[in-house]
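S.K.: Each chain, written out:
There are 2 protein chains.
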Amino acid sequence: MERLKKRLTDLRALEAAMGLMGWDQQCYMPKGGAEARALHLSTLSRMHHELFACSEMGDLLAEAAAEAEPGSLDAAMVRVVRRDYDKATKLPPELVEEQARLSAEGHEVWVEARRNDDFASFAPILRRVFELNKRIADCLGYEEHIYDALLDLYEEGATRNDCLRMYEALKQETVPLVRSIAERPQNDDSFLHGEWDVEKQREFTLRLVRAIGFDLERGRQDVAPHPFCTGWSVNDIRLTTRFTSYLPSAIFGSLHEAGHGLYEQNSPKEWDQTPLAGGVSMALHESQSRTWENLVGRSRAFWARFLPDLQQAFPQLAGVDVDAFYKAVNRVQPSLIRVEADEVTYNLHTLVRFEIECEVLTDQLAVDDIPEAWNAKYEAYLGVRPPNDANGCLQDVHWSGGMVGYFPTYTMGNILSFQFWELLAKDLGDPYALISRGEFAPLLDWLREKIYSQGKRYTPKELVRRVTGGELDPKPYLAGLKRKYAEIYGL
Amino acid sequence: MERLKKRLTDLRALEAAMGLMGWDQQCYMPKGGAEARALHLSTLSRMHHELFACSEMGDLLAEAAAEAEPGSLDAAMVRVVRRDYDKATKLPPELVEEQARLSAEGHEVWVEARRNDDFASFAPILRRVFELNKRIADCLGYEEHIYDALLDLYEEGATRNDCLRMYEALKQETVPLVRSIAERPQNDDSFLHGEWDVEKQREFTLRLVRAIGFDLERGRQDVAPHPFCTGWSVNDIRLTTRFTSYLPSAIFGSLHEAGHGLYEQNSPKEWDQTPLAGGVSMALHESQSRTWENLVGRSRAFWARFLPDLQQAFPQLAGVDVDAFYKAVNRVQPSLIRVEADEVTYNLHTLVRFEIECEVLTDQLAVDDIPEAWNAKYEAYLGVRPPNDANGCLQDVHWSGGMVGYFPTYTMGNILSFQFWELLAKDLGDPYALISRGEFAPLLDWLREKIYSQGKRYTPKELVRRVTGGELDPKPYLAGLKRKYAEIYGL
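First to last, the sequence lines map onto chains A and B.
So in this note's numbering, the last spot in the first sequence is 491, and the numbers never skip.
So in this note's numbering, the last spot in the second sequence is 491, and the numbers never skip.
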C-alpha cells in the first residue's frame, strides 16, 4: 500500500501540472504560448502514462489489493485506481500522447474558428478527434455499441441504451410542455440584456459564490471563454466565468461552476491528494452544479434575497420586482446556445450532440456534414435554426478538447439534482425559507454529508443508491419542471 | 545526440510545469493552495532530479559529446547541459527535494512575515535556507570560499574575490559621489507620490512595455508582490509588476522586467525548448533589465517622448515639465528598499546582503542577529536605519526562495549595462535621438544581434569578451554615473 501511495504521489504531481497548464491555457496564456504548451502537455501526459500504465503499477495494485481490508478506504482507493489502470493499459502510449497534443492544439484552433465562424478551419481537428476516439473505443472495448466505451470514460457503467431510454422519457414530457408554454404570453426579459460593467459583474458573482459557501481562500474565479471548474487540491479549486451583454450569463455561469467547486472543496481534507478526493463522476458533478445554478439560483426565494444587491450594483434594474426577475430568468424559449438554455429545453441540446456523436462514430455522418446535421436537428427538436456555425456546432469546447461521449452526463445530472433535492427538502423542511434568508449552510451541510464527503469512495451508481435508495429516475425532474413552469406560465 | 534531446524534452516539460507553478503561486494562487503546491513542486523537482542526475544521463551526455562537432551548436548544448549535470550529480535527491519544498513553503511564510513585520516567524525558514545552502556548497565544492560555490550557481565562474574587488571600486567612487550630491539642493519628487488608478497604471506600463518591443502576443504582464520575469518558451514570457502609491514603482518595475523579457523573447526561435534558449547568466540578464529600466527608461529623451502620454493618463501631472520629471525619477537619496533604490546607491544595497550572506555562511553571524546586522550596515553605508524588518531584512524574495549568493549579480549587471551601452552608442550614433522619437527597434536590433540571439551558446565571460573585447569593468559605469549626476545635480 505504501509503495502504491508513493507512486500515486508522483502521478498526482504530473496531474496537477497538467491541470494548471490547462487552466492557464484558457485563462491567461498568450497566443504565442500554444505550441510549447501543446508540447509540454503531451510530454507530461506521456510521462504520466509511462509511470501509470506499466506492469510495475499492476504489481503495486495487486500488492495493495491484497493488503487492503475489504470495505476499507484503502480498498476503495485500490478500486478507483484499478479502474483507471485497466483503461490506461488498454491504450498505447502514442494514442495518449496524440490525445494530449490534439486537445492543446485543438483548443487554439477552435477559439479562432468560433471567433471567425469558420467551421472549415476546425474540421481537420474535428476529424482527428473522432478518429482518435474511435481508436480509443476500439482499444477499450465494448459490448453493444462503440458509444458505450466512450460514455463510460465520463460516467462509469452508463451505456448508450441508458441514454436512449432517458431521452425518450424526456422527449415525451418536455415536448408537450414546451408546446403549452409556447401558447402562453412570453415573459419579458428585455431588461436582462444591456451593457453591464465587468467589474460590477465580477463583484456580484463573487458575492453570490461566497454566499453559497465557496471558500475563496481555497479557490478563485477567473474569466474564460467557456466557463469550467478545475483544481489540483481540495484547497485550490479554480472557477471560471464570463461577462457578456446578457446578465444571467455571468450570474448562473458562476453559480453553476461554484456548484462543481463546492463538490470538490468539500471532499474530506484528509483525502486531499489521494484518488478518493473529488467528485465521483460527470453526472454526479453536474447534479451539483445544477442544484446550485437552478434549484437554488433560479428560485424565487434566491432573488427575494439577492435582487436588492443586484439592483444596487446595477441601478438600471431598480424598477424590476422579484416576480418579474424570477420569471425573466426562468423564461422558456427554444434557443441556440446550450450553456444559456433554460431548464426545460436544455436536454434537447445535449440530445442533438448525443445523436451526432453516435452517427459520426458509426460512419453514418461525415464530419464535414456536421453543420448541416446540427442545424437540421435544432430545427426539428427546438424549432430554431442556427444562422451560423459559431452559434451552432462550434459553440462547445468539448470536441476541441478531444472529448466525445460527454454530453449525456449533463442531462443525467439534471435528473439527479431533482432526485436529491426532493430528499433534501424532506429532511430540511422548506429549503426555500432558508434560501430567502440567505442561509445556505444547512443546504451545503446536507449535500456535504450525503454526497460531497463521500468523494469517490463508492461507484456513481452505488452512491446514487445510498442516497436515494434507487437509481437514476426522471420522474422527480419531470414533475418538478411541470410544477414550476405551470406556476410561472399559468398553465 | 537524438537520445539526449529526447531526454531533454522530458526534463523541459517538468521545468515548464515548475515554472508555471511558481508563476501562479506568486500571481494567482489562493492561500489555501500553498501546501499542495509545495508538495507538487517538491515531487516534480525530485522527479526531474531522478531523470537528470542519473548515470544514464551521464552516458547520453558522453555519447552526445563524442558526436558533436567542436564549435557547433550541439557542442555548446552539451557544454550547457553538462555544467548543470555536474552540479546536479553532486547533490543528493533529498537535498533537491528539501530545496523545492522549502522554497514553496518559505514563500508563503515570507509573504505573511513581511505583511506583519514579523521576522521571528520567518527566522526558522531562514535558518533552514542557510543550513541548506551550506550543505549545497559543501556538495558542490569550492576552492577558496564557501560563497564561491553558491555564487557560481547564478554566475558561472564568478567568485567572492571578484565581488570584493568590484565592491571596493564602487565604494571608492560612489561614496564621494553620494556625498557631493547630498550637498546640493534636492530634486523635488513629491508629485510622484499619490493615488494612482490601478487600471491606468496597468495600461500605461503595458504601453511602455509594448513600445520598447516586448511582444504581448508572446507574453503578458501580471501583478505580483515582488516583480519578476519567468517563462517556459521564447513565445511565452511572463512579466510581473506592482502598483503602489509611488508611481515610478510600476513604471520602472515594468521596464526592468520587460528588459529581462526582451532578452528571453529574442533567443532564436529555432532554439526554443532547447538548453541554448534564454539568457546566459544572472549578471547578463540584469545588464539587460538595467539597460531598459535605467539607460533607456530613466533618460531625459524617454520622458520627452512619454511624459505627454503619462500626463494624459494622470492629469494631476499636467504641470510637471520633462526636466522636472527627469530629475525626479533620477533623484539620488539613500533609502531602505533595494528595488526602488536609485542607480547611485543601489549597489550599496546588494553589498549589505553580500556581506550578511558571507557572514552567516561562515558562522560569523547568527540568523537571529540578521535584523540588527542589517540595520547597522544600512546605517553605516547608506546613513539610514530601517524602522522595522518589513522595510529591512524581510524586503527581498530571494532568501524565502532558498537562494543565497544571488545579490552581487545585480551589481555586475549594472556594470555590464554601461559597458554594452558605450558600444551601442558608438555603433548607432546618438541612441537618445532615437529614444526621443520612440524608435526603439534599432536599439533592440543591436542588443539582439550582439547578446539576445547568442542565448547560452557561450559562457557569460566568453560572451562579454566577444561583445566588449574584454571583461567586467566598472569604469564606463562609474564614468557614466558621474557624468549623468553631475549634470542633474549641477556638480
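Just so you know, the hints here were simulated from the structure itself, not pulled from any lab data.
Accuracy of the hints is not assured; some may be wrong.
[To be verified] Cross-link-like lysine to any residue pairs, in silico, SDA-like; alpha carbons within 25 Å at most:
{"id": "1", "chain 1": "A", "residue 1": "31", "chain 2": "B", "residue 2": "15"}
{"id": "2", "chain 1": "A", "residue 1": "31", "chain 2": "B", "residue 2": "277"}
{"id": "3", "chain 1": "A", "residue 1": "5", "chain 2": "B", "residue 2": "387"}
{"id": "4", "chain 1": "A", "residue 1": "5", "chain 2": "B", "residue 2": "53"}
{"id": "5", "chain 1": "B", "residue 1": "31", "chain 2": "A", "residue 2": "31"}
{"id": "6", "chain 1": "A", "residue 1": "200", "chain 2": "A", "residue 2": "339"}
[To be verified] Listing some non-contacts, in silico: residues in chain A with all C-beta distances to chain B over 10 Å:
{"id": "7", "residue": "13"}
{"id": "8", "residue": "29"}
{"id": "9", "residue": "56"}
{"id": "10", "residue": "65"}
{"id": "11", "residue": "108"}
{"id": "12", "residue": "173"}
{"id": "13", "residue": "207"}
{"id": "14", "residue": "215"}
Glycine is no exception: its CB is placed at the ideal position from the N, C-alpha and C atoms.
S.K.: Say whether it holds or is violated: residue 108 of chain A keeps its Cβ farther than 10 Å from all Cβ of chain B.
M.R.: Answer for residue 108 of chain A: holds, closest chain B Cβ roughly 12 Å.
S.K.: Taking C-beta pairs only, is residue 215 of chain A more than 10 Å away from all of chain B?
M.R.: violated, 7 Å
S.K.: Does the structure keep residue 5 of chain A and residue 387 of chain B at a Cα separation of 25 Å or less?
M.R.: violated, 49 Å
S.K.: Starting from residue 31 of chain A, check that the Cα of residue 277 of chain B is at most 25 Å away, please.
M.R.: Since the Cα atoms of residue 31 of chain A and residue 277 of chain B sit roughly 19 Å apart, the hinted pair holds (cutoff 25 Å).
S.K.: Test the statement that residue 13 of chain A is away from the interface with chain B: the closest C-beta pair must be farther apart than 10 Å.
M.R.: Residue 13 of chain A is in fact no farther than 10 Å from some Cβ atom of chain B, at 4 Å.
S.K.: Sort out whether residue 339 of chain A lies within 25 Å of residue 200 of chain A, counting only the CA atoms.
M.R.: holds, 22 Å
S.K.: Examine each Cβ of chain B, and state whether all of them lie more than 10 Å from the Cβ of residue 65 of chain A.
M.R.: holds, 24 Å
S.K.: Find the nearest Cβ of chain B to the Cβ of residue 29 of chain A and say whether that gap is larger than 10 Å.
M.R.: violated, 7 Å
S.K.: Given the hint that residue 31 of chain A pairs with residue 15 of chain B, does the C-alpha gap stay at or below 25 Å?
M.R.: holds, 20 Å
S.K.: Going by Cβ atoms, does residue 56 of chain A stay more than 10 Å from chain B at every point?
M.R.: With a cut-off of 10 Å, residue 56 of chain A remains clear of chain B, as the shortest Cβ separation is near 15 Å.
S.K.: Just want to verify: residue 173 of chain A was marked as not at the interface with chain B; is every Cβ pair farther apart than 10 Å?
M.R.: holds, 42 Å
S.K.: Holds or violated: residue 5 of chain A and residue 53 of chain B, Cα atoms, limit 25 Å.
M.R.: With a Cα-Cα distance of about 24 Å, the restraint between residue 5 of chain A and residue 53 of chain B holds, given a limit of 25 Å.
In summary, the numbered hints that this structure violates are 3, 5, 7, 8, 14.
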